[in-house]
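Please arrange chain B on chain A, whose structure you already have, making use of the hints.
There are 2 protein chains.
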Amino acid sequence: MNKGLLVIISGPSGAGKGTICKRLMEISDDLELSVSATTRMPRTGEIEGKNYYFISEGEFSKRIENSEFLEYANVYDNYYGTPKTKVLDKLREGKTVILEIDIQGALKVKNTHPDGVFIFIVPPSIRELQSRIINRATDTMEVIERRMQCTKEELDYAPEYDYVVVNDSLESAVSKVRSIIDVEKMKSHRNIDLIQGIKEERA
Amino acid sequence: MNKGLLVIISGPSGAGKGTICKRLMEISDDLELSVSATTRMPRTGEIEGKNYYFISEGEFSKRIENSEFLEYANVYDNYYGTPKTKVLDKLREGKTVILEIDIQGALKVKNTHPDGVFIFIVPPSIRELQSRIINRATDTMEVIERRMQCTKEELDYAPEYDYVVVNDSLESAVSKVRSIIDVEKMKSHRNIDLIQGIKEERA
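For the protein sequence lines, the chains are A and B, in the order given. Each residue of the first sequence is one higher than the one before, starting from 1 at the first, in the working numbering. Each residue of the second sequence is one higher than the one before, starting from 1 at the first, in the working numbering.
Extracted from the complex, chain A is given alone in its bound form:
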């Protein structure tokens, strides 16, 4: 059986990768979304094993020592990590596994899994991103300005990825990500068995 496909959905913060992944999972029944482990407290409505695996700092440190994460990061004093065994087991079963991670995490995964499919989600424009953030109205103008600058710098990582998807509308972006997955499955090196089957009349 062919090994599964590892798909990394990443990009600057605010580009909408979380919303895209959520919608992608709603319309797909052949994809497995990797659930991260975190040391932060569950928010209202968050479900253990669905949104996150909630674990203690001690447990997280132990797992780092045992190399149990594909990648991990510390964000605002909380740890977030992608459990390695679960992802590798699913890949071994031939499944398509989706990782929704930030740019630093994606670059780490690329080092260990260069055969993954790396998708970079970008906002249609910095101005559009700015208006989305202002509409949320939770940040001061200074914070917003700093985030804009940060996003501009993050855009420089695009060439490290295989594909760029502009998040101009949710449905269009989700459909593009879905097409990328379908097309990657047609890559010739992933279809050696198929060709052999046709030759041997096993089709």
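I should point out that these hints are in silico values taken from the structure, not numbers from a laboratory. Hints may contain errors.
Claimed, not checked - Reference excerpt, derived from the structure (chain B facing chain A, CB under 8 Å, subset only):
1) V35
2) A158
3) P159
4) V164
5) V165
6) S169
7) S179
8) M186
9) K187
Cβ coordinates follow ideal geometry from the N, Cα and C atoms, glycine included.
For chain B alone, kept in the frame of chain A given last:
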């Protein structure tokens, strides 16, 4: 402006690449199908410049000498070739150019244009291919057997291509080829200008 995309649609004879290209062009208004030059006589209904450029053997030889073909081949005493200048001009204009050529031609184009998108069309099974050919009822069983054997050998070239598309139904195969083209346009190295535009608020 970004350089255009060169898409090579190829595969074993009888796999249906001609029918797929014809249908693909009907549903697409952003693709340019390369028209081959040939020394064979026009068949009834064939239009100069649409189906082929019909030229003399002397003219064909001259063009070979002047390296005016991307690739050419001699099939049953007739020459067929892909005019180089027309293809390169369209690529320079940023257009997507489709070449429908046999395996030998595709391998030649891969040597000079490794950045092309190489799609290998295969029949769902050898048996299916056989029944299609028998239904045409123009060949003897011996000829059919020889063609089956030839197709099996031709399938070994699949790994030289980027993608494998199974021609199980025309509409499904055309839709897969169309998706491959759309997804290839999202490759990050083809979107350097787009990223720059977002950074500079030109979006």
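Item to complete: Would you settle whether the hint for B:S179 is holds or violated, based on the nearest Cβ-Cβ distance to chain A being less than 8 Å?
Response: At 5 Å from the nearest chain A Cβ, B:S179 passes the 8 Å test, so the hint holds.
Worksheet entry | Interface hint outcome for B:S169 [beta carbon to chain A under 8 Å] | violated, 14 Å
Fill in: Cut-off 8 Å, beta-carbon criterion: hint that B:K187 touches chain A
Constraint on B:K187 satisfied, holds at 6 Å.
Discussion item. Under 8 Å is the threshold here; is the Cβ of B:V165 close enough to any Cβ of chain A for the hint to stand?
Written reply: holds, 6 Å
Discussion item. Take the shortest C-beta to C-beta distance between B:V164 and chain A; is it under 8 Å?
Written reply: B:V164 check passes; min Cβ-Cβ to chain A is 4 Å, inside 8 Å.
Discussion item. Please check whether B:V35 passes as an interface residue: C-beta within 8 Å of a C-beta belonging to chain A.
Written reply: Hint violated; B:V35 Cβ to chain A Cβ min 27 Å, cut 8 Å.
Worksheet item: Against chain A, with CB atoms and a cut of 8 Å, does the hint on B:A158 hold up?
Response: For B:A158, the interface hint holds, since the closest Cβ of chain A sits about 5 Å away, which is under 8 Å.
Discussion item. Please check whether B:P159 passes as an interface residue: C-beta within 8 Å of a C-beta belonging to chain A.
Written reply: holds, 6 Å
Worksheet item: Under the criterion of a CB-CB separation shorter than 8 Å, is B:M186 in contact with chain A as hinted?
Response: OK, holds: B:M186 within 8 Å of chain A, min 5 Å.
In the structure shown, a violation is registered for the earlier hints numbered 1 and 6, in ascending order.
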